[in-house]
Structure formats: structure tokens, C-alpha cells
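Read off the chains here:
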Amino acid sequence: MMRDEMAASIGVLMDAGADFCDIQSQSLQGTTVRSINGRLRDLDDRSAEGLRVRVWKGGRWAYASSVQVDKESLRRCCEEAMRNVRGDRPSIDILAPVSVGDHHARVGVEPTKVPLEEKVAAVLDLDAAQKMEGVLNRIASYSEETKGNILLNSAGSDVSWNEVRTRFRAMSVAADGSRVERYYDGPDGCRGFELVKETDIEALGRMTALEAVAALKAVTAPSGLLTVISDPMVTGLLAHEVIGHAAEADEVVKGRSFLSGKVGEAVASPLVSLADDGSLPYAHGSLPFDDEGSPSGRTDIIRDGIYSGYINDLVTANAMGVDPSGNGRAQDFGRRTWVRMTNTFIEPGEPSLEEIISETGDGILCDKMVNGMEDPVGGGFEAKVLRGFIIRDGEVQGQVRSFTLTGQALEILRTVDMVGDRLELDGGMCGKGIEDWVNVSSGGPFLRSRIIVGGG
Amino acid sequence: MDLLRMNEDALRSLRTVDEAEAYSVRSRTYAVYVDDSSISNIEFKDDAGLSVRVMDGGQMGSAASTMGEDAPRECALRALRAASLSPTDAALRGFSVPQEAIVPAPDVLDRRIADQGPDDLVEMAEAIVSAASPAKVPRGLLRAALVETAVSNSNGVEVSQRSTLVYGHFTSMVVGNSPGEGVQAIHSNHLDMDADIIGSRLLGSARSHAEAISFKGQEELDMILPPSELEDMTLSSIGSALNGENVVLGRSPWSGKEGEKVASECLTVIDDPGSPSLLAGRYDDEGNPTRTKTLVQNGELQGFMFDNYNGASTGNGWRREPNDPQGSYRLPVRIGPANLRITPGRMSLDDIIAETGNGILVERLAWPEVDPLSGRFGLELRCGHLIRDGEKVATIKNALLAGEMFNAWKMVRAVGSENVRGARSDVPPISFAGARLVGV
Numbered sequence: 001m002m003r004d005e006m007a008a009s010i011g012v013l014m015d016a017g018a019d020f021c022d023i024q025s026q027s028l029q030g031t032t033v034r035s036i037n038g039r040l041r042d043l044d045d046r047s048a049e050g051l052r053v054r055v056w057k058g059g060r061w062a063y064a065s066s067v068q069v070d071k072e073s074l075r076r077c078c079e080e081a082m083r084n085v086r087g088d089r090p091s092i093d094i095l096a097p098v099s100v101g102d103h104h105a106r107v108g109v110e111p112t113k114v115p116l117e118e119k120v121a122a123v124l125d126l127d128a129a130q131k132m133e134g135v136l137n138r139i140a141s142y143s144e145e146t147k148g149n150i151l152l153n154s155a156g157s158d159v160s161w162n163e164v165r166t167r168f169r170a171m172s173v174a175a176d177g178s179r180v181e182r183y184y185d186g187p188d189g190c191r192g193f194e195l196v197k198e199t200d201i202e203a204l205g206r207m208t209a210l211e212a213v214a215a216l217k218a219v220t221a222p223s224g225l226l227t228v229i230s231d232p233m234v235t236g237l238l239a240h241e242v243i244g245h246a247a248e249a250d251e252v253v254k255g256r257s258f259l260s261g262k263v264g265e266a267v268a269s270p271l272v273s274l275a276d277d278g279s280l281p282y283a284h285g286s287l288p289f290d291d292e293g294s295p296s297g298r299t300d301i302i303r304d305g306i307y308s309g310y311i312n313d314l315v316t317a318n319a320m321g322v323d324p325s326g327n328g329r330a331q332d333f334g335r336r337t338w339v340r341m342t343n344t345f346i347e348p349g350e351p352s353l354e355e356i357i358s359e360t361g362d363g364i365l366c367d368k369m370v371n372g373m374e375d376p377v378g379g380g381f382e383a384k385v386l387r388g389f390i391i392r393d394g395e396v397q398g399q400v401r402s403f404t405l406t407g408q409a410l411e412i413l414r415t416v417d418m419v420g421d422r423l424e425l426d427g428g429m430c431g432k433g434i435e436d437w438v439n440v441s442s443g444g445p446f447l448r449s450r451i452i453v454g455g456g
Numbered sequence: 001m002d003l004l005r006m007n008e009d010a011l012r013s014l015r016t017v018d019e020a021e022a023y024s025v026r027s028r029t030y031a032v033y034v035d036d037s038s039i040s041n042i043e044f045k046d047d048a049g050l051s052v053r054v055m056d057g058g059q060m061g062s063a064a065s066t067m068g069e070d071a072p073r074e075c076a077l078r079a080l081r082a083a084s085l086s087p088t089d090a091a092l093r094g095f096s097v098p099q100e101a102i103v104p105a106p107d108v109l110d111r112r113i114a115d116q117g118p119d120d121l122v123e124m125a126e127a128i129v130s131a132a133s134p135a136k137v138p139r140g141l142l143r144a145a146l147v148e149t150a151v152s153n154s155n156g157v158e159v160s161q162r163s164t165l166v167y168g169h170f171t172s173m174v175v176g177n178s179p180g181e182g183v184q185a186i187h188s189n190h191l192d193m194d195a196d197i198i199g200s201r202l203l204g205s206a207r208s209h210a211e212a213i214s215f216k217g218q219e220e221l222d223m224i225l226p227p228s229e230l231e232d233m234t235l236s237s238i239g240s241a242l243n244g245e246n247v248v249l250g251r252s253p254w255s256g257k258e259g260e261k262v263a264s265e266c267l268t269v270i271d272d273p274g275s276p277s278l279l280a281g282r283y284d285d286e287g288n289p290t291r292t293k294t295l296v297q298n299g300e301l302q303g304f305m306f307d308n309y310n311g312a313s314t315g316n317g318w319r320r321e322p323n324d325p326q327g328s329y330r331l332p333v334r335i336g337p338a339n340l341r342i343t344p345g346r347m348s349l350d351d352i353i354a355e356t357g358n359g360i361l362v363e364r365l366a367w368p369e370v371d372p373l374s375g376r377f378g379l380e381l382r383c384g385h386l387i388r389d390g391e392k393v394a395t396i397k398n399a400l401l402a403g404e405m406f407n408a409w410k411m412v413r414a415v416g417s418e419n420v421r422g423a424r425s426d427v428p429p430i431s432f433a434g435a436r437l438v439g440v
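From first to last, the protein sequence lines stand for chains A and B.
Numbering of the first sequence is given in my numbering, commencing with residue 1 and proceeding in unit increments.
Numbering of the second sequence is given in my numbering, commencing with residue 1 and proceeding in unit increments.
These are calculated hints, taken from the structure and not from any lab test.
Nothing here was measured: the structure is a model prediction, and the numbers come from that model.
Just so it is clear, CB atoms sit at the ideal spot from N, CA and C, and this is done for glycine as well.
Check before you lean on any hint, since a few could be wrong.
To be verified - Counterexamples of contact, computed for chain A against chain B with all Cβ distances above 12 Å:
(1) M14
(2) D44
(3) E49
(4) R52
(5) V53
(6) S66
(7) V98
(8) D200
(9) K217
(10) T227
(11) G321
(12) G334
(13) D393
(14) V396
(15) G428
Said to hold, decoys possible - In silico DSS-like cross-links for lysine-lysine, where the CA-CA straight-line distance does not exceed 30 Å:
(16) A:K71 / A:K131
(17) A:K131 / B:K257
(18) B:K261 / A:K217
(19) A:K113 / A:K147
(20) B:K257 / A:K217
(21) A:K368 / B:K392
(22) B:K392 / B:K410
(23) A:K217 / A:K368
(24) B:K410 / B:K257
(25) B:K257 / B:K392
(26) B:K216 / B:K261
(27) A:K131 / A:K262
(28) B:K261 / B:K410
(29) A:K71 / A:K217
(30) A:K262 / B:K216
(31) B:K410 / A:K217
(32) B:K216 / B:K392
(33) A:K217 / A:K113
Using the sequences plus the hints, can you model the full thing?
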């Protein structure tokens, strides 16, 4: 897309009365290879390009987007956006950081340069590695996405950047005639094909198969208020779903977040520090700039148990009188940009997992999540856990099948009394409400707290 | 932009292969967003793209792209390349063959949406917000789109369809320390909803959430699920069990049970693509004719849903997501119902409540989804009404509602008489025995 035309259109929009505007051009390139039971289920090569015009006036946005990336389409989008921006809300001036230059993702092996045959072979190897008695379905998948962005705005930004993400995953489904259970694992991140090359495919496939078969013997989890050691994934759900979503400043400025007005208050155990950081190297939610051109960075949300701050896009940062934190994100050029997380995690502490277990009389150790749900209004926590282990007298006992954790997030965080020594992040997709999916990661260390367990 | 011509351009580059298919879609969407009870954003999207699948010598590959002048040919060549690199699969089935439509054309096109700008949408969103007062609407979305699709393949299939969709999602909240948040969703082909009714429901829901108190203890009880929560629980249990791919892979709990009782006598489930709904139409996204199918008749399993890949197609291969047409050319074909309808019973919701001894009338769950393989669920109750001896006695929150959905379908106490249309279902409220409520 022609940057000169984009720059000229910015001038036209401002002359027409916009208070602020930006134009983004985006290209998307993706490949998915997926197999089930040795059959290649999906071999997709996807590409897309589009542009988006945003105009801010009178406290309201108007967006117009198109998949035709040419001068005529740009003109139509500008006209449509100007026609629809009929703001009558209390407005604020948008001051945006000025970002310039061309920024290229640094990855070890550029995935688009790897022959497709190699990706297919890796997936089929991972599928075959799951062959084991009791395994009903062997699922292996590889996906890559390269997103190229150019963004210009009326504050003077003229910046381009790209993002590269890959994911390599195994999932085994085991059955014994009466029950069906599953297990999954695999790496992800803002990395190239080296992510696959560094994976011990045989070990990954075999481990997921073994664990799926072992899950068939798991018993029902106990229920009630229990001592729970959440694994990094479930710790990440706690960080992301409740605290993270409620720290999104658009929820705060309209009073929808239970964390509104909490800055400076003790909200968690002093052992808990929680941050969002889009600049972490290689993490799945990392990005050099958000979709408004603001550089990504770190926001301390809770520091030593004290509530510290919110994550912002341009509008909320200007409304709150703070700097934008690089959290104005969109799924793609055709969707809304608003405050979104990047990599959200609880900071590690000191004890090892072994020490946490040995100091736990009775409890339950979580292993992997199924999903979780946000509750920025009420601060409720819901996490579905794939499986767990009973702990008795400081020792890991039998396995329990999937269960649900629930409770009030701040009450849970106040009960945290042990924070493990190793931070792990898990990549995934985050929706806001029930759509607008963006790449994120969430995580933390093993964490001991008191949580309601049920649904096992 | 003539989608069938774009498809032809793609297929022209693939004359030498065994079979090829082109699917193209164009959508024109307006969306209005509400933040804090006023409109914060008006959005226009012009989206178009295509997906090409190639099958040649037992190899299959696909490629997708946004629409441009060269896109059909480039997409075709990329799909051909992908197919050439895939391993041979002797079990591959062919693409669709030309067939007459079976269901009558449903009324799924609203000229106001097809021809106009965002003004009607803005007016409707403002009317809903106004009708919800004194509750505020922290977040709202109202989207209307014209969607055009076309499927063509080398077997001679050439199908194009047009429809409109309206999707809305509004939340509501009253002032208070722990207000909770009500939700109302809208699914329609027409911009014909009654803003006063939606607003009034938002207000009622906000008030219910605000008065809810934390539930203590644990108990076994009946659960009454309203359509808003039952839809996802139905799709993730029954929808998954009826999915032909899960049957082929041996992980559907209903595999091999055709003709057997899998649910209560009072449960009849039909896929009904001929009635207005967001995926309603005479053909699916593979160009197969859709059909009205009874899948469960009085609790007895009648059959499953298939796409071309997994069996003899029943017209259930979809790329489109019902609520949002944007980018559907980038999505793979997956099996699903067009419009999964549970036949309504004779009891009103009030009658069901009156006949419930000990139960919970769910108003809202955090995420009403069950494990599709095991049917297990443990769902956070955000708002519900405890029922004792036929009366609502308390509004509660902060509890886990737990159970096993495939068992629950066998223990239906009552099926309500009033269906509500969802994204891809049309279900009434249903009362089930055997749920468990675990309090904080």
C-alpha cells in the first residue's frame, strides 16, 4: 500500500474536521497443517490484506475497512468514516506517541522460507509419535502466521512492523470403552520454525499419549474450599481472566471493572505481583507496536499485593491522563481496536514445586486448563482444569479428572501463601466479550491458595 | 463483484486436476458499538474473499485469500501446490455433485439492511439503551450485514445465496456496590426486533443480578436452563455427539446408537435450515442441499450430520460463523447444524417453575459450555433463582452448577413451550433433574 496516499488521506481527514485519525494497512499470511490419526485433515495456505481508516471526532470513533488495498478504496473508506463520525459525547484530545521506522521481527528460521513438505512431515511425525494402545485419536497441528502492518496517524506516526507466530501442538484422545479423556501439549510463541526444530517430537507425542491414557484412571475430584496448587497455566488464567480483563482501562473509565479506583490499595497477598508485558521476547502475545502504533511495554498491575495500574489504549490513556501502554489491539484490520492484554502473568517467587508440595498437607495440584471466563464486573473466577492430582501429607497421590475452580479473584489472591520459582507462559487466543480474538499469553509460577473446587 | 465469475476464474486454472472447488463470500457490514450507554463507534466493513480446495490423485490442499483481481488464479495455484505436497489419502471423498434444493427458500433477506447505511442500526441501538433505563448499558454491539456466498466446483455445482443477519449483544447494570451485569443477545435476519422488549429485559436482568446473594452449601437439585444458556450447552453436547466427524473418529458418545434411546422421551431435535436463522438457506457452504432432519425423535437417535469429508453429506458443512461474516473464507469447512431446533413442549416457564420442588432457575452462567467428549460441566453461576416448592425464594450467585449433560438429557423433567432463536439453535427452556450446586 502506498504510504504517500495514506499520508495524504490523513491530511484530507483532518481538513474535513477529524479530531484525530489513523490509517492501517495490513497483510496476513498463514499456514495450518493438521492431522488426525495419520490422515492430513487440513493443509491450508491463507493470505489476506486490507486497510482500515479510523476517525475520532466528538468523542466517537468511526471505522471503515476494506479488503481492496488501493487508492480508490482508501478514498471510499475515508468518506465512509467521515460520514459516520457523528459524535456528541464529551470528547477528549487524543495525544499519541509518534512512532516511526520499519521494524522487522527477529526469528531464527523464517517460517515462510521453510518448505511446506517439512511442515507436513513434522506434523505427521508428531501424529505417529502418539501411537499407543488406548489412544483413540492422535491429533497433531502446526500453524504459523505472519502479520505485516503499516500505520500512519495524525499525530505524525509513520511506522511499519511485522509479527511472526508459530505453534506446534499434540493432542491425544484416549478411550477405554466407557470413558474418553484427552491430554495436550506443545510449544508456541513469536518465533520462527526453530520452534519445531527444537522440539523433541517423539518425546512430545509419546508424553501426550501416555498422559491421555493415564487420565482414564482418574477419579472424581473432591469439591469444596480446598488448598489448590495452580500450575502455570491455571495461574495464568487467574491473572488473565479476572485481573487482566478488569485492568483493561476501558472497563475502568465506564465503571464496569471491579478494580475501578483500586490503585494504591492492598488487593492481594504481598507475595503477588502481576504484570502485562507486550515486550517480552518470543512470548506469544508480544508485539513491537499495538494497532494504534503505540510501542508495547510493561504495565505493573499488582506490585507486592498493592494494586498499581491499568492497561490502556489511546482513548483511555488520554482520559486517565497517563501514557498509552501499547494495549490498543485488534484481531485484524476489519475489527475494532480496543484495550487488550498481551502477555499477562504473575511474577515468580522462591520455592520450588517440590517444596510447595511437601509443605501442603491436603490439597489438589492442577495440571493444564481447559478454558476460563472473564468477569470484570463481579471479579468472579472460573477456570476449567483438565486434570489434577490429590496431595496428602505433602505427597502427590492419585489423579483426578477435570474439575472447575471458582471464587472471588481477590479473595483467592489474598490467600496466596506460596509462589513458585519458575515462570511459564502459555500462548492462546483471547476474546473480549465473545469475539475479537487476539494472540496473547498468560502464565506464572505454581501458586498455592485456597479456591472452591467443584464440577469434577 | 460477481462471485460466481470469480469462482470460474479460480476453477479455470485447475482444469487438469481430479476435482476442484471454489467458495467465495462477500459481506457488507455496519456495526454500532455502545459504551457506557452512548454510541461510541460506528463501523463499516467491506469484506470479500475466496477459498479454493483441490483434490488430485488422492491428495488434497486448500488456499484462501481476500478478493482481488488476481486472487482467484493465485489462490488456485497455491491450493494446487498444497495438494501436491500432501500425502496420498485413499479415503478422500469427492466434492459435491449438482443437486436440486430440498428446503423452500427461507425468508432471510432484509432489504433495509441490504440497501441502506447505519442510520436504522443507530436508531435501534439508541432505542434499546433508552428502554433499558434506569439501568445503564456498559457495553453493546448491534451488527447488520448483507452476506453473499457462492460455491462452484468441477462437478458442475454452481450455487449462490444472499441473506442478511442481525446480531446484537448488550449488557446492563444498575448502580450499586456489587451490581452484576445482565445480558441480552439478538439473532435475526431482519432488523425488526422490539427495542422496548429488549430494553425491558435488560433492566430486569440488571436488577436480578444486583439483588443476587452468594449461595452457601451444596445440594442436589433440578436445573431449569433458559434458551440463552441452553443453546451453548446443547451445541457442545448434542451438537458434538451428532457431529459426523466425532462419529467417524469414535469419540461421539452416541456412535453406533442409531435407533437407541439416548435422551428423554420428551426430547425431539431437528436441524431446520428452512426456517429463518443466521445460517438458514437451501445450500451449505460446500454446495450441498440442506435438509430438514430429525436427529433425535422422542429421545431416540435418528442419525448424524455430515460434510463431504466425513461421509455422505447431509448439508451440514459450514465455513461461516453465524454472528459475523468477516473473514469466513479463511475458515475451514466444519460440521455443524444450520439451526438446531428442540421441539417445544406444552408447559410455560411459569408452569415449569410451579412444578419444581427443589431447583435452580438459571439466569446467567459465566460460559455455558460442557465438555463435548464426557458431557461433564462445572459452570459458574452468575445469577439464578432458587426454587422451593414451586416458588422462587432467592436470587443467588457465586456458585458452581455441576453435572453431566448426556445424563441430563436422559433426565428431562419438562420442555418449555416458548423457543428462542440463538446463533444456530432454536430452543425452549428445559428443566433437568440431577444437577449439583456448590456454593462459595
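Hints and how they fare:
Annotated as non-interface, A:M14 keeps its C-beta farther than 12 Å from every C-beta of chain B; the closest such distance is 19 Å. Interface exclusion of A:D44 from chain B breaks down, the closest Cβ pair being 5 Å apart, not more than 12 Å. Distance check on A:E49: its Cβ comes as close as 6 Å (rounded) to a Cβ of chain B, failing to clear the 12 Å threshold; non-interface status is violated. Remark: the non-interface label on A:R52 conflicts with the geometry, its nearest Cβ contact in chain B lying 9 Å away (cut-off 12 Å).
For A:V53, the condition that its CB be more than 12 Å from all CB atoms of chain B is violated, with the nearest at approximately 9 Å. Listed as outside the interface, A:S66 is inconsistent with that label: its C-beta sits roughly 5 Å from the nearest C-beta of chain B, within the 12 Å cut-off. Residue-level check passed: A:V98 sits 24 Å from the nearest beta carbon of chain B, beyond 12 Å. No beta-carbon of chain B comes within 12 Å of the beta-carbon of A:D200; the shortest separation is about 23 Å.
Non-interface call for A:K217 relative to chain B: holds, since the shortest CB-CB distance, roughly 14 Å, exceeds 12 Å. Separation of A:T227 from chain B is adequate, the least Cβ-Cβ distance of about 16 Å exceeding the 12 Å criterion. Every CB of chain B lies more than 12 Å from the CB of A:G321, the least distance being 18 Å, so the non-interface label holds. For A:G334, the non-interface assignment is contradicted: its Cβ lies about 5 Å from the closest Cβ of chain B, within the 12 Å cut-off.
Here A:D393 stays apart from chain B, with its beta-carbon at least about 25 Å from theirs, past the 12 Å limit. At roughly 22 Å, the least C-beta separation between A:V396 and chain B is larger than 12 Å, which holds for a residue marked as non-interface. For A:G428, the requirement that its beta carbon stay farther than 12 Å from each beta carbon of chain B is met, with the minimum near 15 Å. For the hint linking A:K71 to A:K131, the alpha-carbon distance of about 54 Å lies beyond 30 Å, and the restraint is violated.
For a cut-off of 30 Å, the pair hint linking A:K131 to B:K257 stands: about 27 Å separates their Cα positions. At roughly 28 Å between alpha-carbon atoms, B:K261 and A:K217 fall within 30 Å of each other, so this suggested pair holds. For the suggested pair A:K113 and A:K147, the alpha carbons sit about 15 Å apart, so the restraint of at most 30 Å is met. Under the criterion of a C-alpha separation no larger than 30 Å, the hint pairing B:K257 with A:K217 is consistent with the structure, at around 25 Å.
Our distance criterion of 30 Å between C-alpha atoms is broken by A:K368 and B:K392, whose separation comes to about 38 Å. The hinted pair formed by B:K392 and B:K410 meets the criterion: a straight-line CA distance of about 25 Å does not exceed 30 Å. Between A:K217 and A:K368, the direct Cα distance comes to roughly 17 Å. Compliance with the 30 Å bound is thereby established for this hinted pair. Distance restraint check for B:K410 and B:K257: the Cα-Cα separation of roughly 14 Å lies within the 30 Å cut-off, and the hinted pair is therefore satisfied.
For the hint pairing B:K257 with B:K392, the CA-to-CA distance comes to about 39 Å; that exceeds 30 Å, so the pair is violated. Restraint check for B:K216 and B:K261: not satisfied, since their Cα atoms lie roughly 37 Å apart, outside the 30 Å limit. About 52 Å separates the Cα atoms of A:K131 and A:K262, which puts this hinted pair outside 30 Å; it is violated. Under the criterion of a C-alpha separation no larger than 30 Å, the hint pairing B:K261 with B:K410 is consistent with the structure, at around 9 Å.
For the proposed pair A:K71 and A:K217, the alpha carbon gap of about 62 Å is over 30 Å, so the pair is violated. At most 30 Å may separate the alpha-carbon atoms for a hinted pair to count; A:K262 and B:K216 meet this at roughly 28 Å. Between B:K410 and A:K217, the direct Cα distance comes to roughly 25 Å. Compliance with the 30 Å bound is thereby established for this hinted pair. Distance hint between B:K216 and B:K392 is fulfilled; the C-alpha atoms sit about 17 Å from each other, no more than 30 Å.
The hinted pair formed by A:K217 and A:K113 fails the criterion: a straight-line CA distance of about 44 Å is larger than 30 Å.
In this structure, the hints that do not hold are numbers 2, 3, 4, 5, 6, 12, 16, 21, 25, 26, 27, 29 and 33, in rising order.
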